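Peer 1: With these hints in hand, go ahead and build the complete structure from the sequences.
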Amino acid sequence: MSAKKGLHLTLKIWRQKNNKSKGQFETYKISDVSTDSSFLEMLDILNENLINEGKEPIAFDHDCREGICGMCSLYINGRAHGPDTGITTCQLHMRMFKDGETIVIEPWRSAAFPVIKDLMVDRSAFDRVMAAGGFVSVNTSGNTLDANAIPVPKEDADRAMDAAACIGCGACVATCKNGSAMLFVGAKVSQFALLPQGRVEAKRRVLNMVKAMDEEGFGNCSNTGACEIECPKGISLENIARMNREYMAALVDQG
Amino acid sequence: MSKLDSRIPAGPLKDKWKNHKDHMNLVAPNNRDKIDIIVVGTGLAGGSAAATLAEQGYNVKAFCYQDSPRRAHSIAAQGGINAAKNYQGDGDSTYRLFYDTIKGGDYRAREANVYRLAEVSANIIDQCVAQGVPFGRDYGGQLDNRSFGGVQVKRTFYAKGQTGQQLLLGAYSAMSRQIGKGRIKMYNRHEMMDLVIVDGKARGIIARNLVTGEVERHSAHAVVIASGGYGNVYFLSTNAMGSNVSAAWKIHKKGAYFANPCYVQIHPTCIPVHGTQQSKLTLMSESLRNSGRIWVPKKIEDSVAIREGKLRPENIKEEDRDYYLERRYPAFGNLVPRDVASRAAKERCDAGFGIENNDTKEGVYLDFSTEIMKKGKEAAIEKHIHNPTDQQIYDLGKQWVEEKYGNLFVMYEKITADDPYKTPMKIYPAVHYTMGGVWVDYNLQSTIPGCFVIGEANFSDHGANRLGASALMQGLADGYFVLPYTIADYLSADIRTGAIPTGTSSFDEAEKGIKDKIDFFLNNKGTHSVDHFHKKLGHIMWNKVGMGRTPEGLREAIKEIEEVRNDFWKNVKVPGEREGMNTELEKAFRVADFLELGQLMAIDALHRNESCGGHFREDHSTPDGEAERDDVNYKYVGAWEYQGNDINAEVLHKEELIYDNIEVKTRSYK
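As they're listed, the protein sequences go chains A and B.
For reference, each letter of the first sequence is one residue, going 1 to 255 in my numbering.
For reference, each letter of the second sequence is one residue, going 1 to 670 in my numbering.
Just so you know, these hints were derived from the structure itself, not from any lab.
Hints are supplied without guarantee of correctness; some may be wrong.
[To be verified] Simulated pairs of lysine-lysine, DSBU-like, Cα-Cα distance not exceeding 35 Å:
1) K525(B) x K253(B)
2) K536(B) x K17(A)
3) K512(B) x K22(A)
[What the hints assert, rightly or not] Counterexamples of contact, computed for chain B against chain A with all Cβ distances above 12 Å:
4) L13
5) R146
6) G200
7) K374
8) I381
9) D419
10) K422
11) D631
12) N648
13) E655
14) N661
15) T666
[Stated by the list, open to error] Part of the chain B face toward chain A, derived, beta carbon under 10 Å:
16) A72
17) G141
18) Q142
19) G275
20) V410
21) P575
22) G580
Because the structure is a prediction, the values reported are computed rather than measured.
Beta carbons are placed, not taken as given, at the ideal position from N, Cα and C, and that holds for glycine.
Peer 2: Structure representation (structure tokens):
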């Protein structure tokens with residue numbers, strides 16, 4: 001009864017052995033996919049079939065399958081995380097597709113995210129940007145002020161939370177024609193810009209993070225807004241504007 | 001001879017931790033860079049430990065199998081983190097948090113550990129706020145709290161429905177700061193394959209670089225395991241797909257005792273299984289139970305009609321609904337602890353009242369309509385709207401719910417294609433958190449000297465049933481505030497040791513063992529995929545070592561798991577090569593370990609002739625279906641010692657639990 005309406009699909013999937021080899025699209029057929037299945041469950045079934053046929057399964061990144069860890073990726077029919085909005089690929093369900101459809105599946109496309117294998121890419125550039133300043137320099141001893149000693153206006157805390165909701169999946173970069181990481185970096189800069197904690201090092205933070213971002217080969221923002229549209233967590237373009245303001249202020253201050 | 005020395009410090013309960021800290025050995029700041037520490041896992045426990053140890057000046061090597069430490073599964077925790085701050089003035093205190101946790105754990109946790117946890121809980125909130133974690137606040141700018149199951153005070157701090165995410169990103173940012181300074185060497189996409197023991201002490205690990213396939217040797221003066229829980233032994237669970245038991249199981253096979261493996265928490269509010277193609281279960285935060293009422297139809301024919309799609313829940317009259325938790329447990333109602341809520345749901349579904357149209361007819365409603373109207377009325381008064389219409393009240397109420405839990409509602413709708421604002425959510429229990437794990441002493445050290453285990457990977461603090469919002473608390477307490485002190489006591493003897501060489505025979509042997517297994521998997525001409533065996537194991541575990549356990553079922557499970565395990569080693573098929581990314585090879589190693597662990601879980605569940613917390617034995621229940629504990633015979637931690645390939649031969653060691661400070665009572669939420 002689970003397969004209420006089994007879909008029959010043609011899949012065009014990017015296969016690439018490793019970072020050094022050339023990749024190409026391969027075509028696969030799959031049938032009886034339940035519309036209640038997630039997109040990744042559909043790939044699981046395909047992989048199970050491939051293994052049974054003695055072939056190598058398709059490598060793709062995934063982990064929590066709850067839309068929160070940010071590990072899954074995939075460019076599906078020309079869109080980061082596929083045709084639905086406000087979700088990651090693991091939460092994309094097969095009811096979004098029609099019987100008989102052809103689906104094109106590619107890895108994240110960006111120079112800063114080199115392919116590891118098939119649909120899997122290396123997003124460690126994000127970690128290096130974080131290590132350049134995406135933190136508050138407070139020791140972890142617990143010998144800090146009482147948490148309620150500094151009140152934070154609810155509106156600020158809420159907006160900081162909205163920025164902090166970024167899952168670092170990289171859809172913004174993958175979808176941007178310039179491969180810009182400004183939504184990701186802007187979100188982290190904004191989170192701290194909106195809170196009193198970490199304010200003392202705000203200038204240093206934004207300068208270092210932007211520098212690291214540029215060094216990693218991410219492009220510039222040209223305000224097309226595609227990143228905001230494809231962001232699974234609804235991170236707003238306002239964060240880029242806020243980062244730019246923080247950056248300009250820091251530059252001016254630096255002289 | 002049992003080696004179980006819990007090393008609980010002497011003195012009154014409330015002074016134990018302070019006294020212990022005052023008298024432990026230290027490593028002076030100038031000596032810390034002579035010490036290397038390996039941390040396996042970068043969730044709340046591992047991430048906070050790595051950051052703190054690096055900040056103190058040790059050389060830290062951190063490992064995670066994901067592409068970034070930020071992906072660790074702690075990130076998926078939704079509801080909140082407990083702390084005895086008493087900001088709400090409703091009578092909370094260190095003692096009360098301690099008491100609730102011991103009671104919630106069905107008196108199967110160590111007093112001293114739990115008291116320490118309650119004691120440092122308040123520090124955690126201060127720490128995280130200082131790191132810029134955006135907790136929910138009220139309009140006065142102060143931190144807001146909610147309440148959770150099993151508790152009658154509001155002590156849960158939260159960041160919308162993404163508390164775990166924000167706490168983990170806090171720990172990750174603290175790690176990032178140390179990575180940037182070169183104090184932590186981070187190994188992403190690396191998996192620990194084995195522990196290396198030199199002269200009886202943990203001195204390193206064998207790891208596999210998952211991108212290149214290379215098998216690597218890493219040495220250290222101490223190894224910290226923070227690899228999380230083993231819920232994926234059930235195949236379907238709320239754990240991340242990659243979460244595995246391997247690191248903990250490998251140290252078990254090297255001499256660390258594995259404690260209380262049968263204690264698994266079944267979470268009551270998960271989206272029900274939809275079908276055979278499913279890979280993963282998704283949780284709806286327990287915090288929803290603050291606002292939702294749980295029910296099934298009173299009349300069995302209504303349940304049948306709902307399952308057949310002939311009746312909508314909205315059309316069932318109030319008097320025809322059975323709010324079974326409120327009926328059975330008037331004092332706690334929908335906020336009873338997780339084991340109680342889960343069993344109550346199973347009881348109703350077993351009796352035929354389940355509402356979900358799936359193979360097993362399992363599912364109950366979590367309904368927000370009462371809360372929406374209640375909050376709507378409050379908001380109307382606040383906004384001075386006189387004589388509001390029902391629609392106005394509904395809209396205001398919906399707005400309130402949206403603000404509090406919005407992302408969870410969206411998530412539910414994406415998965416089920418049902419709008420939970422209009423129709424009640426469908427939920428059913430699922431495997432969530434494992435309270436068992438590697439046995440550790442008060443210092444969080446396993447029975448292998450120099451091998452420490454923290455967070456969900458150890459057995460401590462939660463007893464038989466983890467209460468809501470307490471796992472995040474333990475992870476961060478261990479990592480930020482406990483381990484950094486206790487590990488120094490051990491390492492103080494190592495300041496003259498010098499770097500540990502990796503060319504020794506212990507490393508040779510451990511590496512050879514792993515390379516041989518890789519050869520075996522890649523060359524085995526098997527017939528079935530790794531998942532095939534994993535699903536078979538999961539099926540046995542859920543049916544026979546799940547929510548209700550019987551001696552007969554457990555005996556069958558032990559035998560059946562062994563059969564699957566034998567079949568696995570004969571017939572598993574692992575495609576691909578040793579070099580480069582090979583996700584099937586990764587899974588093969590993990591499932592091999594799950595097959596052994598699953599058997600031990602059933603053995604542990606069979607030997608414990610009582611019901612407690614997450615371990616419910618149907619032959620030990622009261623006439624009205626409540627758990628029947630046996631404190632005379634089973635008030636101990638059961639820790640198993642590995643004896644080689646035959647899991648049935650594992651030897652049980654017992655750590656008696658002594659309650660000097662609280663009276664052991666029958667747990668009742670009525």
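Peer 1: Next step is simple, just say for each hint if it's right about the structure.
Peer 2: Outcome of the hint check:
1. K525(B) x K253(B): Holds: K525(B) and K253(B) sit about 27 Å apart, inside 35 Å.
2. K536(B) x K17(A): Given that 35 Å is the threshold and the Cα spacing comes to 31 Å, the pair holds.
3. K512(B) x K22(A): holds (34 Å)
4. L13: holds (21 Å)
5. R146: holds (15 Å)
6. G200: About 31 Å separates G200(B) from the closest Cβ of chain A, which puts it past 12 Å; holds.
7. K374: holds (22 Å)
8. I381: Label holds. Min Cβ-Cβ 20 Å, cutoff 12 Å.
9. D419: holds (15 Å)
10. K422: holds (18 Å)
11. D631: holds (36 Å)
12. N648: For N648(B), whose nearest Cβ neighbour in chain A is about 32 Å away, the distance exceeds 12 Å, so it holds.
13. E655: holds (29 Å)
14. N661: Per Cβ check, N661(B) is outside 12 Å of chain A; nearest 24 Å; holds.
15. T666: holds (36 Å)
16. A72: Check passed: Cβ of A72(B) comes within 8 Å of chain A, closer than 10 Å.
17. G141: Constraint on G141(B) satisfied, holds at 3 Å.
18. Q142: Holds: closest Cβ of chain A sits about 5 Å from Q142(B), inside 10 Å.
19. G275: holds (2 Å)
20. V410: holds (7 Å)
21. P575: holds (5 Å)
22. G580: Hint holds; G580(B) Cβ to chain A Cβ min 5 Å, cut 10 Å.
Consistency with the previously given hints is maintained throughout, with no hint failing.
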